[in-house]
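A.B. asks: Sequence order for the protein chains is A and B. For the first sequence, position 276 (counting from the first letter as 1) is numbered 276 according to the working numbering, and the numbering increases by one without interruption. For the second sequence, position 123 (counting from the first letter as 1) is numbered 123 according to the working numbering, and the numbering increases by one without interruption.
What the hints contain is simulated information worked out from the structure, not anything from laboratory work. Note that the structure is a prediction, hence the values are computed from the model and not measured. A hint or two may mislead.
Identical chains blur together in the list; that is why a pair holds if it fits in one copy or across any two.
[Said to hold, decoys possible] Mimicking BS3-like on lysine-lysine, the simulated pairs with C-alpha atoms at most 25 Å apart in a straight line are:
no. : residue 1 : residue 2
1   : Lys36     : Lys314
2   : Lys314    : Lys258
3   : Lys228    : Lys106
4   : Lys314    : Lys25
5   : Lys314    : Lys235
6   : Lys36     : Lys106
7   : Lys228    : Lys36
8   : Lys369    : Lys158
9   : Lys152    : Lys47
10  : Lys47     : Lys314
11  : Lys270    : Lys36
12  : Lys152    : Lys369
Protein chains: 2
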Amino acid sequence: MIGEQYLHLPGPTPVPERVVRAMSKPMVNHRGPEFKRVITRATEEIKQIYHTQEHVLIYTASGTGAMEAAVVNFISPGDKVLAVSIGVFGDRFARIAEIFGAQVEKMPFPMGEPADPEAIIARVKEDIDGEIKAILITHNETSTGVYNDIKKIKAGIKDHPALFIVDAVSSLAALDLRMDEWGLDVVVSGAQKAFMIPPGLSFLAFNEKAYKVQQENPSPSFYWDVDKGLKSLEKGQTPYTPAVSLFQGLDEALQMMKEEGLENILQRHKDYRDMVRDAVRAMGLRLLARDDNASPAVTAVIGPDGIEADRIRKFMLENFNIVLAGGQQSLANVIFRIGHLGYVRQLDLLGVLAALEITLDRLGYPLEKGIGLTRAQDYINRVI
Amino acid sequence: MIGEQYLHLPGPTPVPERVVRAMSKPMVNHRGPEFKRVITRATEEIKQIYHTQEHVLIYTASGTGAMEAAVVNFISPGDKVLAVSIGVFGDRFARIAEIFGAQVEKMPFPMGEPADPEAIIARVKEDIDGEIKAILITHNETSTGVYNDIKKIKAGIKDHPALFIVDAVSSLAALDLRMDEWGLDVVVSGAQKAFMIPPGLSFLAFNEKAYKVQQENPSPSFYWDVDKGLKSLEKGQTPYTPAVSLFQGLDEALQMMKEEGLENILQRHKDYRDMVRDAVRAMGLRLLARDDNASPAVTAVIGPDGIEADRIRKFMLENFNIVLAGGQQSLANVIFRIGHLGYVRQLDLLGVLAALEITLDRLGYPLEKGIGLTRAQDYINRVI
Numbered sequence: 001m002i003g004e005q006y007l008h009l010p011g012p013t014p015v016p017e018r019v020v021r022a023m024s025k026p027m028v029n030h031r032g033p034e035f036k037r038v039i040t041r042a043t044e045e046i047k048q049i050y051h052t053q054e055h056v057l058i059y060t061a062s063g064t065g066a067m068e069a070a071v072v073n074f075i076s077p078g079d080k081v082l083a084v085s086i087g088v089f090g091d092r093f094a095r096i097a098e099i100f101g102a103q104v105e106k107m108p109f110p111m112g113e114p115a116d117p118e119a120i121i122a123r124v125k126e127d128i129d130g131e132i133k134a135i136l137i138t139h140n141e142t143s144t145g146v147y148n149d150i151k152k153i154k155a156g157i158k159d160h161p162a163l164f165i166v167d168a169v170s171s172l173a174a175l176d177l178r179m180d181e182w183g184l185d186v187v188v189s190g191a192q193k194a195f196m197i198p199p200g201l202s203f204l205a206f207n208e209k210a211y212k213v214q215q216e217n218p219s220p221s222f223y224w225d226v227d228k229g230l231k232s233l234e235k236g237q238t239p240y241t242p243a244v245s246l247f248q249g250l251d252e253a254l255q256m257m258k259e260e261g262l263e264n265i266l267q268r269h270k271d272y273r274d275m276v277r278d279a280v281r282a283m284g285l286r287l288l289a290r291d292d293n294a295s296p297a298v299t300a301v302i303g304p305d306g307i308e309a310d311r312i313r314k315f316m317l318e319n320f321n322i323v324l325a326g327g328q329q330s331l332a333n334v335i336f337r338i339g340h341l342g343y344v345r346q347l348d349l350l351g352v353l354a355a356l357e358i359t360l361d362r363l364g365y366p367l368e369k370g371i372g373l374t375r376a377q378d379y380i381n382r383v384i
Numbered sequence: 001m002i003g004e005q006y007l008h009l010p011g012p013t014p015v016p017e018r019v020v021r022a023m024s025k026p027m028v029n030h031r032g033p034e035f036k037r038v039i040t041r042a043t044e045e046i047k048q049i050y051h052t053q054e055h056v057l058i059y060t061a062s063g064t065g066a067m068e069a070a071v072v073n074f075i076s077p078g079d080k081v082l083a084v085s086i087g088v089f090g091d092r093f094a095r096i097a098e099i100f101g102a103q104v105e106k107m108p109f110p111m112g113e114p115a116d117p118e119a120i121i122a123r124v125k126e127d128i129d130g131e132i133k134a135i136l137i138t139h140n141e142t143s144t145g146v147y148n149d150i151k152k153i154k155a156g157i158k159d160h161p162a163l164f165i166v167d168a169v170s171s172l173a174a175l176d177l178r179m180d181e182w183g184l185d186v187v188v189s190g191a192q193k194a195f196m197i198p199p200g201l202s203f204l205a206f207n208e209k210a211y212k213v214q215q216e217n218p219s220p221s222f223y224w225d226v227d228k229g230l231k232s233l234e235k236g237q238t239p240y241t242p243a244v245s246l247f248q249g250l251d252e253a254l255q256m257m258k259e260e261g262l263e264n265i266l267q268r269h270k271d272y273r274d275m276v277r278d279a280v281r282a283m284g285l286r287l288l289a290r291d292d293n294a295s296p297a298v299t300a301v302i303g304p305d306g307i308e309a310d311r312i313r314k315f316m317l318e319n320f321n322i323v324l325a326g327g328q329q330s331l332a333n334v335i336f337r338i339g340h341l342g343y344v345r346q347l348d349l350l351g352v353l354a355a356l357e358i359t360l361d362r363l364g365y366p367l368e369k370g371i372g373l374t375r376a377q378d379y380i381n382r383v384i
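Bound-form chain A, shown alone (with noise of 0.2 Å):
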């Protein structure tokens, strides 16, 4: 098939040209000056985005890698902690809190919806010896699609001295999160989403409560060790190698992200949320989330009766080159995700919906065709 794949995955994104000419800058030294630039410019332009002025630090490592350093840095063995989970990456967090031993109390929701703030909030406000140590959260569920409402989560129990950590891997820039007004203590967030450059740096945030907290932990730790990350930072370096030319690309994405502005990239990814879902809803398809947790970074479709989700993608890939994810545990083959973060155009996600119709009549839907794509096109006339 001729040209590029059309890569609607929840991550990795497609990356801009900039960013790929930037990452294919000769190698320059880790130790030495460029670097020093690239990192503390990049560092400072991250925080904007987490809207903090407390520690970012950028690891070489994918995002669990961070949710990892969250983990070993800030929770103890044996501390008491509530995993709220409503997804596959809730459950995630809430394993590797057990495997460096934690003890997990878990808060699963059924795949599909957000997490019950009122439901935490009144059972973190049954802990009043303040046993909980650390509440875990996913602030944008991958695997389904939809993302909690963390700021009115914290707020509900914003006197318990639990640490808030947040999984925001999937969500920073295409979520609003205000770190330091919401008080969120600890925030992962990973690269290759709404940042743009390809997988393999992830970000750890936090603040100072949460380092004090970690000054006392005696957990083991060294590629992760946040102390050993503040200090070399000060030298505009790293502990070990980074993953430089990963690190030229972040910094020109993060340039690109401050030409475009950050209430522009908000918004430009709820518009594709509500283009993608008002088309599919069009079409006579069912959405997995409701629309008040509908995620902007990526759509979980109910494939329609009769027709495996897993033959929609597929067919998709085979005849259009679009690359969709698939449903994992209880919702593989019921649903199929549409990828809308990151650097995606509108008029390539009005092709996918157009492929998508197509795909449908194919398979022996029944449906009107253009009835989602005019939706689409309408709903472009109206935002641009």
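Position chain B relative to chain A; hints supplied.
C.D. replies: Frame of chain A, contents of chain B only:
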């Protein structure tokens, strides 16, 4: 200054244009068939370079990450570990083992010298009860440009049950290493050295004996867990999102290495070492390493009396755009290090030697101009 830097660090090294182009390919699904082809092929090629039929996993992390992986998978808390150190990276490996709870007995040797095989063999032979569970040793010590004769050491202790764990981060593909034949149990390496790609990927090779030890290890692990890695590799995947663009670069670099041939690559590294050593000696400077254990990856040169090593580096950076490495710890400002591993051209290296002569002259060191350079020329003339 016009033109690209001459990057002569012991990693990261310059990156070939073919690798840059491979890394610039459009992003692909890390759970899809393209990535499966890349990781499967790359893993097989890396095994050839390790001379192993055992397991090889590729981590998205720097070399230190894979060192931590070796420790948390194969050393249990409380295990007695013999840690041989001939410099900064030997110290680092010992430190990681200590942090993760091993009872570390250090066997340090003076910086600039190799470990004495007889001393190590004698120490291990004393351990008749098999209390030592693991031996940590650096293959090529980047901080001093000295390598250890791990083949001889392992051969001398071969009946001892301890796992023999080698840090080959800067040696693999620059120095002969035969994992299976020599009986090495665990070997760590990195891709930003002789593999010619930007930093961000590291390798962990281990045999069945090590894997059995890992199965009994109570240390918590998640990101580094080799079980998860092996399970994902069967599907042509990694447990967590990998640094896709670096994998694409690695795949291309491995093709280049196959075309050049491993024997030729090893010979090239030896030739460069001998050329640099001959020329530097002819200039009247002293070398830190003796001939018999001098690293083919990096050469440490002792600054002449009265001229600080860092002044030489500074002059060469400012006037020739040449990046050399400095000395670390007790060798700071005493030595400078010329990296000659990975993607380095013969005549670029000759240029570095020419610049060194001019630098020495300008800094007041008496020198017959061309004396080292003509030795390098003669050397090239002999080997081409």
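A.B. asks: Taking the hints in turn, state whether each one holds.
C.D. replies: For each hint, the structure was consulted:
| no. | hint | result |
| --- | --- | --- |
| 1 | Lys36 - Lys314 | between (45 Å within a copy, 17 Å between copies) |
| 2 | Lys314 - Lys258 | neither (37 Å within a copy, 35 Å between copies) |
| 3 | Lys228 - Lys106 | between (31 Å within a copy, 23 Å between copies) |
| 4 | Lys314 - Lys25 | between (37 Å within a copy, 23 Å between copies) |
| 5 | Lys314 - Lys235 | between (49 Å within a copy, 18 Å between copies) |
| 6 | Lys36 - Lys106 | neither (41 Å within a copy, 34 Å between copies) |
| 7 | Lys228 - Lys36 | within (16 Å within a copy, 35 Å between copies) |
| 8 | Lys369 - Lys158 | neither (51 Å within a copy, 73 Å between copies) |
| 9 | Lys152 - Lys47 | within (22 Å within a copy, 52 Å between copies) |
| 10 | Lys47 - Lys314 | neither (40 Å within a copy, 33 Å between copies) |
| 11 | Lys270 - Lys36 | neither (35 Å within a copy, 33 Å between copies) |
| 12 | Lys152 - Lys369 | neither (41 Å within a copy, 74 Å between copies) |
Violated hints, listed in ascending order, are 2, 6, 8, 10, 11 and 12; each of the other numbered hints is respected by the structure.
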